[in-house]
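*Asks:* Listed below, chain by chain, are the residues.
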Amino acid sequence: MSAAPILAIDGVQHIYAKRQALIFPACTVAAGEAVALVGPSGSGKTTLLMLIAGLLGAQTGRIEIAGTNLQSLHGAARDHWRGRTIGMVLQSFQLLPRLSVLENLTAAQFLSGSRVDLAAARKTLTALGIADLADMRPRKLSRGQAQRAAIARAVVNQPPLLLADEPTSSLDDDNAEAALRLLLEASRDRGAALLIATHDRRVTAHVARTVTLQQAPP
Amino acid sequence: MNLLTLSLSGLRGARLTHTLNILVLALGLGTVTLLLLFSGALTDRLVRDGRGIDIVVGAKGSPLQLVLSAVYQADVPTGNIALDAVETLRRDPMIERAVPLALGDSVGRFRIVGTTPDYIGLYGATLQRGAVWQHPMEAVLGAEAAARLHLNIGDHFVGSHGVGGGGMQHKEFPYTVTGILAPTGSVIDRLALTGVESVWEIHARPGQPEAPHEVTAVLLHARTPLAIVMLPHRINTQTTWQAAVPSFEAARLVSLLGFGAAAFKALAIILIVSAGLGMAIALVTRMRERRQEFAVLRLLGATPWQLFSTVLIEALVLAATGALTGLMLGHAAGWALGSWFPSGEALAAMSARLQPSEWRIPAAALVVGALAALIPAMTAYRSDVATALGGDP
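Line order of the protein sequences matches chains V and H. With our numbering as the guide, the letters of the first sequence map in order to residues 33 to 250. With our numbering as the guide, the letters of the second sequence map in order to residues 4 to 396.
Only chain H is shown next, with the shape it has when bound in the complex:
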């Protein structure tokens, strides 16, 4: 027998009310957990996919659209720029590496990216099987693309026009798979890579004079942090191209998404506060029923602080149970959503383990529990034993 067992015995009354309060609290905390997991997965994905890319150069237009299309492969390109741009940028002493991208086709729901083998190096990817393309119409597949398309070394596939899939098929230009990359957890897993020449070959117009070659974007890795600040300004003011900084655009994207996240967070906070109020109301209501019980405890030697602690522990046990249930709910929902949504593997992976930032969930629950217990615990502390036992006329 100790204070905890006494408190737990107190919870045996009003089980239904306590269970409902735990569920409401768990729902609120589960939503917050899911938001934390979602925002963690988003940040993780933005960081992984933007790794090694300091600046993106492409056609004029929206800088966010340029970054989304060229780095995250999630939007249509702003247009094309002349191939000369690549050579000009490669000669710039502030630039360590310039990797061209030619977009326009897809296979299934995976984009075909015309580029150079340097692109693979940007993500630190390695070949799991086969070799890098040597000739036009040879392709290397990301791990997820190969698995979902059921393609292996030596297999052939044809691309469809458009980056969203479902366009006209280029049946006369089949690709041959020469290599498959090991999984990296980044965007490259979901791409089919080929030389830029393949893209030009497919999109050349037969019977017409050959147009100057173009690329969709150039990914730059700067030599110094200062270059990341100076180059975009120079390119944007002195050329017909557009330069965008992925880290800046990613931050802008997160802040744009922040409004939706804030709405969810507000809803979750309302649920948590409601649960706290419900818990407080249930505990206060029970104080009247437990007047005599507290009087007997005092008679047996309990101090007012022990009564206070008993009620506080009851509320903290309820809150901790709510926190545990909420964490489990949040992680289960995160895992289910991550497994269900395409490209949701980061969310599913994050949901499979506790994240360091989640210490805030039980902490918030315990604060809610302690606040909910405050009034009932003070009522217990001030129990009028003599009146409860009929000793004061």
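If we strip away everything but chain V, and leave its shape as in the complex, we get:
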């Protein structure tokens, strides 16, 4: 791999309430590459995603995203940077319930400190095949439609890094396949690095590499 990785993690530890440490292996994800983060429940998959997103502070180690050392960013600068640099798809999609699908995307633009660009937001919806759902509220969407809307929101700011937290859990094979295909296409089309936290073996068959986390010590 000749290009510099979009995501590079090295020596990261997180100590949580009971003074127990989660020790994460070093890993890198390049632009356009998809990597699965696997491990049993409690191994810290979601915690690592939160550390990468700068929503939790790592006690040791280094997290570098698109050439920026996360530890060098603080406060509002880190928050807006997160909005612009990282797109995240959560397990239950977590669309903002009182905003329309289009407003979910423009909220992501506004909160990242970017210019609110309605045309770009509509174009993203069109690319994901849900342009006709722009004015609908999330509660009226089917699971598949909500998933597309969540991916559209994650990619609307053209972030170099996409994180997905258990995107296929609770989906049957066909829907899991479709969800994965959407995520992979979204990252590949935009040249974004994709890190998928999952315990679903169906995911690993579709990604280039797998990083395995160990069960935290009791």
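Note that these hints are calculated values from the structure, not bench results. Check each hint, because a few of them may be wrong.
[To be verified] From the derived model, a few chain H residues whose C-beta atoms are all more than 10 angstroms from chain V:
| # | residue |
| --- | --- |
| 1 | ALA128 |
| 2 | HIS224 |
| 3 | THR242 |
| 4 | VAL287 |
[Claimed, not checked] For each label pair, taking beta carbons as the anchor points, the in silico distance ranges come out as:
| # | chain 1 | residue 1 | chain 2 | residue 2 | range |
| --- | --- | --- | --- | --- | --- |
| 5 | V | HIS106 | H | VAL370 | 30 to 40 angstroms |
| 6 | V | VAL148 | H | THR288 | 30 to 40 angstroms |
| 7 | V | SER124 | H | ARG356 | 48 to 58 angstroms |
| 8 | H | LEU374 | V | THR158 | 40 to 50 angstroms |
| 9 | H | VAL370 | V | ILE55 | 48 to 58 angstroms |
Just so you know, even glycine gets a beta-carbon here, dropped at the ideal spot from N, CA and C.
Take the given structure of chain V and dock chain H to it, following the hints.
*Replies:* Structure of chain H alone, referenced to chain V:
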């Protein structure tokens, strides 16, 4: 998309609770608005009706009663004083003008005031039609009295004994209307004016020797402010009459009414505080439901201050809506009461437009809203994103 639209979207949840809180807040603020309008109308009326009258001289008794009866035409007189008093007062170098009043009769619910044409000048009133009386049993009507009694120039009316109306009618002494005054917005609009001689003529006892003429009160306009201080003391200590200062008695009346107003104000404050607490409780309760929503907003790039501001704006929008509704309620109630009550035209007129003092209503509402938002906004500020999204084991 901006912070305001995000905040407004937050208000789409719990609509019923928010609406009820807005109504309670509006009720409190509406009561305060009504009190402000009422006290403004009262002050306005006291000022207008007392215009140009520095001192009132009448029979001994309650000074407030003397002022209420002679200036505001709202109480029974304390008694009569000899006509000589008028001449004595007119000769006093400290007095610029002395206008006698002879009360005792009324037409409908409007008082008949025996006086001189100078009384019209005290209120700066002008004739809309006709002329001032020249002879006894001629009368000039205030604008409201003429309109309500449906009387015109040349029409006749008879007075009833007593200032409250409903007394024995003096059918043998009909008045002729010679003039109608233009509206002034003061007490003169609600009076029938005639010469003092008319009152003496009606109340003379046939077959009995003519008693010395009397007047009910004398309205004085002093030459200097010092005279307003010195004259009452001199009259009260050196004569058998009583002198009262309308501005002082009006202030006393306002302070007497102040107790009732204070009770209403306390009730309104209780309503406003209750609404604030209700708003705070509703917002705090919703913070638990909105934990994940705030976490997602942080994930999308929101700063803790943006979350704080979102909740603050929500509360301020609720408070502003409550203030607007309260102002509308207060003005509607003021207008309705002013139109319904006799002599309530000042209240109705004040209710028809925003008063400068009412800036306090939205200001109070915004303070209540900001205080109500404080705890929920801090909760939003401190949102634990990782826990809400299941990222901290």
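*Asks:* Indicate, hint by hint, whether the structure satisfies it.
*Replies:* For each hint, the structure was consulted:
no.: 1; hint: ALA128; verdict: 62 angstroms, holds
no.: 2; hint: HIS224; verdict: 68 angstroms, holds
no.: 3; hint: THR242; verdict: 79 angstroms, holds
no.: 4; hint: VAL287; verdict: 19 angstroms, holds
no.: 5; hint: V:HIS106 / H:VAL370: 30 to 40 angstroms; verdict: 33 angstroms, holds
no.: 6; hint: V:VAL148 / H:THR288: 30 to 40 angstroms; verdict: 31 angstroms, holds
no.: 7; hint: V:SER124 / H:ARG356: 48 to 58 angstroms; verdict: 54 angstroms, holds
no.: 8; hint: H:LEU374 / V:THR158: 40 to 50 angstroms; verdict: 46 angstroms, holds
no.: 9; hint: H:VAL370 / V:ILE55: 48 to 58 angstroms; verdict: 51 angstroms, holds
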